[in-house]
Amino acid sequence: MTPSAVPEPARAAPSYLGGRTTVASWLGTSDHKRIALLYLFTITFFFMIGAAAAALMRWQLAVPTLDLVTSDTYNRLFTLHGVVMVWFFLIPSIPTVLGNFLLPLMIGARDVAFPKLNLASWYIFVCGGLLALYAIVVGGVDTGWTFYTPYSSTYSNGHVMLMAAGIFVAGFSSIATGLNFIVTVHKLRAPGLTWFRLPLLVWAIYATSIIMVLATPVLAITLLLMGLERVGGIGIFDPRIGGDPLLFQHLFWFYSHPAVYIMILPSMGVMSEIITTFSRKRIFGYPVMAFSILSIAGLGFLVWGHHMFVSSQSVYAGVVFSFLSFLVSVPSAIKVFNWIGTLYRGSITLATPLLYALGFLALFTIGGLTGIFLATLAVDVHLHDTYFVIAHFHFIMVGGGVMAYLGGIHYWWPKISGRMYPERWAAVAAVTIFVGFNLTFFPQYLLGYLGMPRRYMTYPAEFHTLNVVSSLGAVVLAVGYLLPLFYLPRSFFRGPRAGPNPWKATGLEWQTPSPPPPENFSETPVVTGPPYDYPPL
Amino acid sequence: MTPVRAICGWVSGWLPAASGVAPQVDGIFRELMIASIAVVVVLTVLTLCILVRFRHGSKASRAAVGIATWKIEALWITGTLVVFLLFFYQGARVFADMERIPPGLPEITVVGRQWMWDVRYADGRREFNVVHVQQDAPVRLVLSSEDVIHSFFVPAFRVKQDVVPGKIVSTWFDPTRTGTYSIFCAQYCGTAHAQMIGAVVVLSPRDYAAWVRRAAPALAGTAESRGRLIYLRYGCAECHEDPQGRRAPSLAGLYGTEVRPADAGIIRADEQYLHDAVLLAPKYRLPGYTRTMPTYSGIISPPDVTDLLAYLRSLRRPPAALSATP
Amino acid sequence: MPESAATFRRLFGTFGALIALLVITAAASALPSGWWSTPLSLLIATAKAALIFTIFMRLSGQPALVRIFAVVGLFWLAIMLTLTAADYFTRFWPG
Amino acid sequence: MSAPATPLPEAYADARQRDVANHLGMWAFLATEILFFGGLFLAYFIYRSTYPAAFAAGSRTLNFWRGTLNTAVLLGSSLTMALGDAYIKQGRRRPLQFCLAATAVLGSVFLAVKASEYQEMYAKHLLPGRGFEPGAAPGLQLFVLLYFTMTGLHAFHMLVGLGLMVWLLRQNQRGRFTAAQHAPIEMFGLYWHFVDCVWVFLYPLLYLIPR
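Protein chains in written order, with the working numbering: chain A, 14 to 550; chain B, 38 to 363; chain C, 41 to 135; chain D, 102 to 312.
None of these hints come from the bench; they were simulated from the model. Cβ atoms here follow ideal geometry from the backbone N, Cα and C, with glycine treated the same way. Hints may contain errors.
[Stated by the list, open to error] Label-pair distances were calculated between CB atoms; the ranges are:
1. A:542 x C:105: 25 to 35 Å
2. C:67 x A:246: 39 to 49 Å
3. B:88 x A:549: 31 to 41 Å
4. D:268 x A:505: 40 to 50 Å
[Claimed, not checked] Residues from chain C that face chain A, not an exhaustive set, calculated with beta carbons under 10 Å:
5. 116
6. 127
7. 130
All chains, please: the whole structure from these sequences, using the hints.
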């Protein structure tokens, strides 16, 4: 049934938005719902900065040699795009916004385990963000988001220390959030809510939190060592005294590959929620889906070497990491099959969240399959560090991560704001993003196969036509991303009122008024049945 | 499948397969493309049919699926795993061939330096950003970097090898088709990373011989002769040709043999060992010598080190004259 | 849990054991070394750390979940060490 | 879980639940510390296997006796911390005050001995960088770099610990801690014992490399 606007519900309790609305009440809140909105504004701000850098890069790359920016500025642009998008948008996106808002609601808790730590993690995130912003404003960094030594520690003249400090601080926010969610899921589940009755988004956020807690410290030590080497002029990665730059790569990728699973796992949780609701059917193979999430989180720590196949890493290690990389992609494939299995014999309503979910399904499948190309040793030798890799991770991060994030925002918008988003505009935006995305990034697969290296500001003429298509696609994608920025804030104040459960979905978060009262539930709910317990069709 | 095979063939035909290994890599790439396109087409059609057939309000039957779900799950888990392992095995097999360098290939030293490729041939000729090779004559590239990490990438040969400072890495290719193929630097290395482009010129045997005659060697004499001058200029003989053999080990015939340092088992004295011995002072302590070798980094320039290594490699052990070797 | 005199005796006992282990490992390093000396010193260090974890940090009295949290960090560290070693110790493999 | 008589400020049903949650949170934090130091242990492990001779030489430049003394001092501070924790569980605040002070003193002694070692290394031109002893094997400078990084990071954690102890001493003076409510002491105890465990591994790896 299409979401019908519900007459003005009797105001039982003031919502978390009501009550004290002074600035101090927002900046001093320890209510997980308000902290979620604080994160929402912050990461949207950073998304726009990263997107602006991407727009400039696509403009520069529209023509083989264009002097829109100098090569130094271009290097700072792609570093800015990488750092801001990875650490200040993608990693916090679903866990800190949807996770913060929904985790306590979904497990029937009053708040997260350590509310004050939750607010502290937002402040730490803002401090890290300001440091990184300051580093960008005063001149930026030209090392790439990977900070490979010896360039980053000895030869770069950008503000590497400031940027590394910003990321170092933002890492602690990631650890604090992860730690908070792990203890919350273990300790604050409602009575009767056993592990196998948890919604899959809770599983996904739990697994993501484990990766956040266990991977981020290695990034911290890596940036610290790189910083020491840069400040002291001498360091353990310095080849001049026998150090090995590959050790930096091992330490960096030990964090950074699990980090890409931090970015994609929550999206898989959102997918399971949206697809079950809009096909009004129980998830296909719940235990397999839950174990797939955990095995992705676990195996994700074993595969980092596939970033270093051609970096003079030993052949034996290459074979080991290639094998493990193939293993880690099996759970993702299973999840795609299970989502389609869930749609099968369901009663499907094509609302915007499902449009985003179907977009995710298509783009994540292509992204995942091209990941197999890169895991195949012989083919990776040719494709490594080319635009094929750029297309691969954008299909996963943007085609998968951002689509699921937007789908989640639209799906839970009635719960967050108490009002419905405009269905027509939202559908237009979803389709525009899907079309623009494919136009932008699919040509890059071909460019990559033809051998166009990444991080090139100018390129030989034979790559021209595909780059023009990609740059045009970027324009369409930009329009697609701007639309929600207009209609969502408008609908926050003037959208039609949505009742507690506009989608008629199962799940504890839909059994409380929307927007929910500060203490979430008047009395702690008791869970009796399995998750996604839709009546047989 | 013919249209799919045609598309893949058409796409992979854009980039010439100009080296021995290229057809194998393209073969695996084409198989991967066919499998991926097949999966995407099947899943898309399946999803679209489901969306239409099971839309809200349609009359299609919603009875539970007869087969136990775990059977279906087991089916596509094993199916996926088997297909993946097949691709893994093929990729690893071809990769092992690509990495195992056939012995005895002519060597070209390529030094990556911020934003150029410094190419030196065995007979002393030196070029920048251009490598001349003969058709169907496999060549071994001895790669090193003087500053940051670069990556020697020739798309037409499907060859790519990161060039890490402080490390000598070798790769090889067998150019099968004549023509000029671009070299890119694939690993970000600074401001002019995008301008660090070179070319591999593959000549037919006749043209290659003409080029060898015509191109005047940029440097006097061969690498070995220049190496000997460096060997004498820095007084290596003073320790390494000590008649009693007490000050330092003799270097004659050292290249390629095994060395027994005090505490690290058996090490082969290859380029890396000699390069480190000269620039970084010996990693391992050889027992029984009075002098500790000073480090020459910053004293002997890297190009000279390459020539010195060439000279050391040419030093064969004179038959019985040297009694001093340990 | 009630803090009886036994707890204090246990603490002092543990401290004694730690100091004893320290003396052993220090003495062992003075002896002529062999292949065994590094593994031995690491074994003793692990024993000392285990003592501190279980008694001083009271892991023995904690529910299973807390003990898992205590060990998971070490397990992940082991993953990092072994897989990186897989690269460094086989660099000369293809000859 | 019975409905709480007075709703707890946080979302917990009872104190036992919150105590376990505190321990879970602290141990998760210590897992991050294990991996944080883990990066350094990985670097040590790789470079020691690449430059065995230089690391053995480097280990000989360190002052064995001061290292051993420091280990004993730190084990002692762990004991006093554990005693303090046991006392407060009996509700006895004065012995806790004494134990905390003893732990702080032992921690300061450790840092003082460590500072003297650094000074001695400076005197022997073993500070990494330009002033490094000319002609030394490259691995030696890597060993010294790792020595300073590992012990420096450990010393930093000790300084943070001392700072927290000052705060705990003031809180205890104001009678904040009772037998029922002493989570900060227990959590700090875990942190302090962990820092001691790190040194337990640093000591043999740096000081006891066999000849």
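Here is what the structure says about each hint:
Residue 542 of chain A and residue 105 of chain C have their C-beta atoms about 26 Å apart, which keeps the hinted 25 to 35 Å range intact. At about 40 Å, the beta-carbon gap between residue 67 of chain C and residue 246 of chain A stays in the expected band of 39 to 49 Å. At about 21 Å, the beta-carbon gap between residue 88 of chain B and residue 549 of chain A misses the expected band of 31 to 41 Å. Restraint check, residue 268 of chain D to residue 505 of chain A: a C-beta distance of roughly 42 Å satisfies the suggested window 40 to 50 Å.
For residue 116 of chain C, the suggested interface contact is upheld, since its CB lies about 5 Å from the closest CB of chain A, less than 10 Å. The criterion of a C-beta within 10 Å of any C-beta in chain A is met by residue 127 of chain C, whose closest approach is roughly 4 Å, and the hint holds. The beta carbon of residue 130 of chain C comes within 4 Å of a beta carbon in chain A, closer than 10 Å, and the hint placing it at the interface holds.
Checked against the numbered hints above, the structure violates only hint 3.
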